[in-house]
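K.L.:
Line by line, the protein sequences are chains A and B.
Residue numbers for the first sequence follow the working numbering, beginning at 2 and rising by one.
Residue numbers for the second sequence follow the working numbering, beginning at 112 and rising by one.
If you're looking for bench data, these hints aren't it; they were derived computationally from the structure.
Among the hints, erroneous ones may be present.
[Said to hold, decoys possible] Calculated lysine-lysine pairs in the DSS-like style (CA-CA distance at most 30 Å, straight line):
hint, chain 1, residue 1, chain 2, residue 2
1, A, Lys-119, B, Lys-160
2, A, Lys-85, A, Lys-431
3, A, Lys-286, A, Lys-75
4, A, Lys-119, B, Lys-152
5, A, Lys-85, B, Lys-152
6, A, Lys-85, A, Lys-406
7, B, Lys-152, A, Lys-91
8, B, Lys-152, A, Lys-431
9, A, Lys-224, B, Lys-160
10, A, Lys-119, A, Lys-328
11, B, Lys-152, A, Lys-224
12, A, Lys-119, A, Lys-224
13, A, Lys-260, A, Lys-286
14, A, Lys-172, A, Lys-266
15, B, Lys-160, A, Lys-85
16, A, Lys-85, A, Lys-60
17, B, Lys-160, A, Lys-431
18, A, Lys-224, A, Lys-234
19, A, Lys-126, B, Lys-160
20, B, Lys-160, A, Lys-91
21, A, Lys-186, A, Lys-165
22, A, Lys-328, B, Lys-160
[Unchecked claim] Here are some chain A residues pointing at chain B (derived, C-beta under 7 Å):
hint, residue
23, Leu-87
24, Ser-198
25, Glu-257
26, Lys-260
27, Pro-391
28, Thr-395
29, Asn-398
30, Asp-405
31, Gly-433
Each residue gets a CB set at the ideal place from its N, CA and C atoms; glycine is no exception.
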Amino acid sequence: MRAHRLGAVLAVALTATLASCGSSEPEGPEAAQSPAAAAAGPVTLTYWTWAPNMDKITKVWNAANPDIQVTVSKQAGGDDAAAKFLTAAKAGNPPDLVQAEYQHLPSFIAAEAVADLKNETAAIKGEFSDGLWGLVTLGTDAVYGIPQDSGPMMLFYRQDLFDKYGIDVPKTWQEYADAARAVRKKDPSVHLGTFSSKDPGAFTGLAQQAGAQWWSISGESWKVGIADEPTKKVAAYWDGLVKEGAIDDMPYFTPEWNKALNDGKLLTWPSAVWAPGVLSSNAPKAAGKWAVAPLPQWNAGENHSGFWGGSSTAVAAASPHRAAAAKFATWLNTDPAAVDLLVKEAAIYPATTKAQSALGQAPEYFSNQPDFWQQAATVSAGARGFTFGPNVGTTYNAFKDAFDKALRDRTPFADAIQAVQDATVTDMRKSGFQIAA
Amino acid sequence: MRRSDRGAWPYLFLTPAIVLFTLFLAVPIGYTVYLAMRRTKVSGLGLGKGARREVFVGFDNFAAALSDAELWQGWLRVLGYGTLVLVVMLGLALVFALMLDATRVRLARFSRIAIFLPYAVPGVAATLLWGFLYLPSLSPFRAILDVDFLGATTVTYSMANVAVWGGVGFNMLVLYTALRAIPRDLYEAARLDGASELQIALRVKVPLLTPAIILTTVFSIIATIQVFTEPTTLRPLTNTISSTWSPLMKVYRDAFVTGDLYSAAATSIVIAAISLVLSFGFLRVVRNRAFGEG
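Same shape as in the complex, but just chain A (with noise of 0.2 Å):
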């Protein structure tokens, strides 16, 4: 019985095979057409994203422009993304266009995945911040993306708590310390925060706000420095908050998070500007009760921030539409009425300057702080990043691994960020990237 019903599989999914094998031969020739006889007929492009509803926005364009025909492929979002978007290219069928995470983009460009579009995107350099403008660039005069949203960062908390318990929104990292300690006294069910090892994104924008920079360029080398002494003295911190038990190591993104989350057993949550929609979707009882403020300083009265998350449209460099696709992204990031789908839509803090206008009604979440995309302007101005290198897949796998490790262990964090520096330099090292000492 068992043996017949495999066959059947098997036989149903080799059918499924050839009819695949069988229906993608048509698409040959259509690849291969040469850019002339392409401009003939409507273009079809595909695109790789997972922002949400981002389909119902090129409905908008396909609507408006019969000739170039966009088609969404959801995918999973983050580094696994990266990943796959890498390997199709290798295997040389990527999508025609694909969101890239800044801090992806170097990857991207170091395997000539991505195309350079300087000359398409000319005319719309000066509608984005020069910040934003080097991330994409890499400094260079090539062009491999065109920004459209970042995640500058800011923390997140529950007022009602906060007043709950008596706290003041902490204005430095070391009244946040304070905060995380009276917390644990009052209530020892309850913590302030909690240190996530899973997430490399969160942790580089706190590090990017001490003025690290894990990466530069000089001349024609490399340089890396993930384990500066900005990042050290980041690591030392909330190693010591870990350890003393002030604040929780759970990692972000979990069920055991949502919960905590739900039930009002984390406080504060130091993220970017697109934290109203996971709260929305992964703490929906607690609506109404975060707001919202800048992030903790290393120094009283100053104003940085971070990144963490962000990305750009990028052109795959085998896409044979390489003109259309960039007229695509161009729209999509920089029309007044596309950006204001996205903001909508796709509940995201566009790149462009021209935006501020979309950004009038706080998100419903939020809908307890009307100056929401105001405060979130504010942190903007002040964040600094850096620029990414061309290995941040192993650089964040290290990270996770390397945390994962001294979590676990009860080690030092800063032998961690010594280990994240390490694994990065000796895979660049292995690939032949020059590096200067």
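With chain A held as given, fit chain B onto it using these hints.
P.N.:
Relative to chain A, chain B alone:
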């Protein structure tokens, strides 16, 4: 029909198998070997056209895989995990099969299906399900037992538990089917000689089951060497599982996280070789006893 008239017929019948084997097994393996002997080399910053090229490096990747301490530690972890799974899973499967085969057993049909059912749950679903039961703040067990199921030492047992839960049913069914094929008159003879049910089980059934036990052991060895689903699914929930916990996880990490297909290819060939040695080695050791071959 004379012998020579058969002509091309046998080959015609073989064609589908040969074509499928070539397309989906031989060619991919060949490509893996090819990839394993190559590596990308970048120059300078590695940015811009032509900064990256693929070069032939011979056996460098294999040497790197064999001398990688993390990979061998992964083997050690899998060895511990595998021993645990093999012993407990096959032991339980054997006990359940013998119990179901005993003459006086009630609810046999129901028990058989109940034990087999977890096998029908996909590995990822099963691991998530157990993962939720393990998580400290969600676990219902925490009320009774103050154990962190995802702690540094307990996590191996927790993962083994998932594998055992999912695997006992299948192995039990294989053993049970083999048991049903044993002629009943052997038991009758034993009973006439005054053997108890327990003695029949240990002295008659188990020896006759040896080939089936060996078969399930070989399958289980291969499956545990390839352990991937359980640790990968549990990893986001705990900080006790590294991205290179098992050898296959390292292959996945190299290929799809750090973008080094070449090392991944070399490591997977090493893993395949070790699996072959282990499973054939086991067969060689037990062949004499099981099948009476030389």
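K.L.:
Just pull the numbers of the violated hints for me, sorted ascending.
P.N.:
Per hint list: zero violations.
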